[in-house]
Structure formats: C-alpha cells, structure tokens
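K.L.:
The lines below spell out each chain.
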Amino acid sequence: MKGGARVHMLDLIKKYAQPLSIYIGIALVLGIAYIGRIPKSAAFYANTLLGRLALFWLTIIVADTYSWVYALLMALFAVLLIAVSPRTLEGFQDGTDLKIVTQKKRWFSEEVLKENPMGIEDDTVKTSAIQDNSNSSNSTNSSK
Amino acid sequence: MKSKALQRILNLSTEFDILLRNIMIVAFLTWNVVEGSVFENEYPYAFVKLYTIPIWRLLLVILMILAALWNHSLGIMVAFTIFFYVMDMEVTMDKWK
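Residue numbers (numbering that gives the first Met the number 0), protein chains in the order written: chain D, 0 to 143; chain G, 0 to 96.
If you're looking for bench data, these hints aren't it; they were derived computationally from the structure. Heads up, some of the hints might be wrong.
Below, in silico cross-link-like pairs of lysine to aspartate or glutamate (EDC-like), each with a Cα-Cα straight-line distance of 16 Å or less [what the hints assert, rightly or not]:
{"#": "1", "chain 1": "G", "residue 1": "K48", "chain 2": "G", "residue 2": "E14"}
{"#": "2", "chain 1": "D", "residue 1": "K39", "chain 2": "G", "residue 2": "E89"}
{"#": "3", "chain 1": "D", "residue 1": "K103", "chain 2": "D", "residue 2": "E114"}
{"#": "4", "chain 1": "D", "residue 1": "K104", "chain 2": "D", "residue 2": "E114"}
{"#": "5", "chain 1": "D", "residue 1": "K39", "chain 2": "G", "residue 2": "D93"}
Using the sequences plus the hints, can you model the full thing?
P.N.:
Here's what the structure looks like:
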C-alpha cells in the first residue's frame, strides 16, 4: 500500500490499537471467569487438533503483539478451555429431545394429579454400547 | 547524611520486597503441590461455596494479573493455582449435574 491510504490505515490502527487491547483483556478475563458457561459443543471443538493448534497459535500471537500478562491470560484461558471440554461423547447423549403432546387422552396419573403436559422432555434416551477398541485378547496363551 | 539514610531505607525496602515475593512464591508452590495438583484433595469449604459467585472468580483473575505484574514467577504460580482450582470445580460440578 502506498500514498495517502497507507497513512490513513496506519493512523486508524494506531487510533484503535489501545481500545482493542483493552477489549481483548476484558474478553480474556471474562472468558476465564465464565469458562463453565461456554457451550460444550464449542469446548469440544477446542479440544480437537485444529482447535488446540488455533488456541496455542493465538497464545503466541498475543504474546508477540501484547504484553506478557496478556499472554498469561490467553494461556490460562486456552488450557482451561481444553481442560473443561468433554473428552468423548458418552453413551447417554446430552441432546434435547422434546416431544409435543398432541393426544387429548391423558394418563391416569395426569388426570389424578391434574397435570396437563404440553411436551415431554427426554422421551427417548439415546444409548450406545461400550466399545472395546483394545487389541489385547482375554485368552491367555502360554508357550513352553 | 540524609541520602545515606534514604538509601538504607530503600535497600531495606528492596530486601523486604524480595523476601515477601519469595514467601508468596513458596506459599503458592506448596498450595499447588499439596492441594491443586491432586484431584482427590478437597478444597476448603469456603472455596467451594465461593466458586459459584462470579465476582469471586473475577477477583481471582485480577489477583493473577497483579501477581504477574509484581513478579513473573509469582504470576505463573498463581495462574497454576487458578487453573487447578477452576478445573477441579468445573469437573466436580459437571459430574454432579
């Protein structure tokens, strides 16, 4: 970039560099304080190879661009995000399974308790069998 | 005469600062080894109750920033303490959800 546009761009970057660093600092502090509120799906992607690469790369970028304290905050946020992320998807999935009640006929217990449900949460539970991925066999071989 | 006295006070102040810094580093190091790095070791009751309050967690992060500004080693130790504490609390809360 040459000429006046370059100067304008540099001016703009200089002008907003300080507020940007403050925003990043606030975002990192809030991110650490509210690490448990980050959705599990997003945290799960943070624990993938690409997610971890991105987090560590961001830590290096922050250390290069901003101060040591910012790098420490970014590193803490990265390791916390990886630590709280779900390792595997378990047998009982945590997905939303909502069924709207369309039948007018109510169950006996609903009539007695005067309940009028509009929907049923967790109508079906998804499960998966335990997988044995190890190569070891249960049989014992003895060779003499 | 005055400058000598001032120099002595400044020297004492620096020595006291170094001593205090080292005490804090050793204290946080011990906490991390004994309490933080072993998941089974239980935290004090107040720490468990306070974790749910967002202001407490924000104060911990501010403490880490102040520690890092004071001394790099202390900042790292406090960061470790916060990491172990938050991770243990989150994992425990997730299990009992």
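K.L.:
Next pair to validate is K39/D with E89/G; report whether the Cα-Cα distance is within 16 Å.
P.N.:
holds (12 Å)
K.L.:
Decide if the proposed pair is consistent with the structure: K48/G and E14/G, CA atoms, cutoff 16 Å inclusive.
P.N.:
This hinted pair is violated, its Cα atoms lying about 38 Å apart.
K.L.:
Does D93/G lie within 16 Å of K39/D when you go C-alpha to C-alpha?
P.N.:
Roughly 11 Å between the alpha carbons, so the hint for K39/D and D93/G holds.
K.L.:
Between K104/D and E114/D, is the straight-line Cα distance small enough, at 16 Å or below?
P.N.:
Roughly 12 Å between the alpha carbons, so the hint for K104/D and E114/D holds.
K.L.:
Is the straight-line distance between the alpha-carbon of K103/D and that of E114/D 16 Å or less?
P.N.:
Holds, at about 12 Å.
The structure is inconsistent with hint 1 alone, although it conforms to all the rest.
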